[in-house]
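All chains, please: the whole structure from these sequences, using the hints.
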Amino acid sequence: MPHSVRASSRVSASRSRRDLLAALLGTLASASCGRSARPLRDGSRVVVTFWYAFGDLVRKVLLDLVDRYNQSQSLVLVRPVHQGDYFEALAKLRTAIAAGAAPPLAHVVLEVLPYLARAGVLEPLDGYEGAGELALVPALSQRGSFGPGAAQETYGVPFNRSTPIAYCNARLFQQAGAHVPTTWDELAQVARSLTRRSSGSVTRWGFEVPLSWWYWVALVGQAGGHLVEPDGKLSLGGPAGEAALELWQHLVRTDRVMRPPPGGDYQAWQSTSEGFLQERIAMMWSSTAFLRYLEASAPFPIVAAPLPRASSFSVPTGGTMFVLVRSAPDEEKQAAWSFVRWMCEPEQAIDWCTRTGYMPITRRAVESLGESGFYMRHPNDRVAYDQLAHAQPWPWAPDLFRVERDIVEPLLQEAVLTGRDAHEVMQEAREQAAEPA
Amino acid sequence: MTPRSRTQPWAMLGPTLVLLVAFFIVPIGVAAFESFFAWDLLTPPRYVGAANYRAIAAHGGLLALALRTLAYSAVVVSGTMGLGLALALLVNRPGRVFALVRASIFSAYIVSWVAVALLWMALLDDTGGIVSHFLRAVGFGNLSLLGDPRAALPTLAAIGAWKLTGYSMIVLLSGLQSVPPSLYEAAALDGAGRWSRFRYVTLPALGPTAAFAATSTLVTSFQAFDVVRIVTQGGPARATQLFVYAIYEQIFLDLRVGRASALTVVFFVLLLVLASVQLRALSPRGRPS
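For the protein sequence lines, the chains are A and B, in the order given. Quick note: the first sequence uses the numbering used here, first residue 1, plus one each step. Quick note: the second sequence uses the numbering used here, first residue 1, plus one each step.
Take the hints with a grain of salt, since some may be wrong.
As the list claims (entries may be wrong) - Restraint ranges, calculated between C-beta atoms of paired labels, are given here:
| # | chain 1 | residue 1 | chain 2 | residue 2 | range |
| --- | --- | --- | --- | --- | --- |
| 1 | B | A11 | A | L63 | 52 to 58 Å |
| 2 | B | R93 | A | A99 | 26 to 32 Å |
| 3 | B | V138 | A | Q175 | 28 to 34 Å |
| 4 | A | E186 | B | Y47 | 51 to 57 Å |
| 5 | A | P379 | B | V138 | 40 to 46 Å |
Keep in mind the hints are simulated off the structure, nothing from the lab. Remember, predicted model here, so these are calculated numbers, not experimental data. Using N, Cα and C, we set each Cβ at its ideal position, and we do this for glycine too.
Okay, here's the thing in structure tokens:
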């Protein structure tokens, strides 16, 4: 090899090593400093990383819709990334925001929206094109989902929205001659009539509901209580909160007609669904989100029904809202917004709710479903939407999420499983909730 | 070995020291510092003095957490060592069949915690699990091993012991096989029966191996996280909330970095105390070696 060529080769090798080192350092620097201000691109398309938290059927439907969106245009490419359940996804989102590595688009549970909004990490959405023209179902919009004192700016657009509903095994109800309960007394009575025992063991439970905050909030509202009083004091329902807890204690410990499902968080929900599908539970409360899955999986007809009342009908709304992360590059936020708008269009909103069980989020979607006769053919789908007439808005309380997870849920479980006095337990919960965060 | 220069030992220790400082000492120092602040990662930290320590100790929470973790570890270590020793004695025989049995028992140890947790969840399922069917058949009614606060912790510890038994069995087996046969022959000549040979030859010879197996199992049991996260999420009613899971829950699910840091510091001190007690107990002269 001639000298000049060898020299040139050495220079070239040295340069490529330098380039490699520079690229490596650049990558490390950008990783340590978080996201750059430049948008992520795939060719000419802006890439929107979308962190979502679903499994099973709902996940499949979402991925289908994302695929359809990506094929429908050539400017934006949405990349969905599964992040576990709602709580795992939230943990990852917070950490990513703190590390400056958050995606532009995610969806978060309703109760956490005030906390994230107060932290200033969410993008206000009112200034985005078409934000005022989404024609959302009022009770499902951010304004309708939260009570007085809620933020004036919009931070969340409804995505998968739900209410708790009662699922009844129609075959077992018919065999027992039972009717869907409409009051707490009837609930206990029907649960007793549906429970079957053999040699001291329960072979079929009349009723089951996860010992979870969401269902307890429903009971608090039905007993006429509010989590936060009009003066802003966190009362956790006062006497209504205790009455709600006592109902569970009565069904589990006195009547022994309700099984407290094992596991925490969504594992308990899954256990309840499995018991219901195996006909070991005759009636359960769960989210409307599982409607299509349960109908498709159950070897028996399912009748969905609104939750019963004590002094009044009441349900909380649930599910999540789309949020844009404020620190994301502007171009990615714009691209993410275009996807959110697309998801709110009637065709997608209808596809989403009819294939899952979630509620339609826009008025036009509701009208279309009514006009097409969908609700006549699928009366179970109508239950959650009709319950919106009794939906109790959430308080705009940034600490609510912490109170829910760290204080109320463990104490509810303790009271039901050990029989601790309901008044004493709720008093302890109120005291702990009043302590500084 | 005599060092070539004064700096040579430090040069040899250097890489380990750097890693130790970077990944253990500094993080513990940072945690100790952050334990005096209220911080949620997203908003600016606020100095709160010892409030985080008071909060985790309030309502007997810290004591209950420490006792729960110790109880879990005690069941896991004693179960693992007892079963491991029994199995090691049973399978300490030549032949392919026993080799297969040894491999089968050890396989639980190499399977991931996630798979083990899911397997036991299916077995213990209240409504469809084989164990629940068996419990109903023998008259335990509707006892829910994972749903009853009194049963959940022992059940979780039993799962931990099941997974780790294969490990202690293999370690103890190696200890058994290293006992010189001449010791047994000498004891037999002196008229020692099977029990006496086990009591006065096998057990003393296994001492150092058993100490190693028990220590490593104790460390693993204190790190229990996966099995809690998957099987019970700390419930029901916090009955299975162990230290590492409580730290995770505070920082990631309950949004409290300060309290999680305070828990970390307390956990660190607890482990230091336990380690010094253990070193003292295992040292031949009763002093730390």
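Taking the hints in turn, this is what the structure says about them:
no.	hint	in the structure
1	B:A11 - A:L63: 52 to 58 Å	holds (55 Å)
2	B:R93 - A:A99: 26 to 32 Å	violated (55 Å)
3	B:V138 - A:Q175: 28 to 34 Å	holds (30 Å)
4	A:E186 - B:Y47: 51 to 57 Å	holds (55 Å)
5	A:P379 - B:V138: 40 to 46 Å	holds (45 Å)
Hint check: a violation occurs at hint 2 only; the rest are consistent with the structure.
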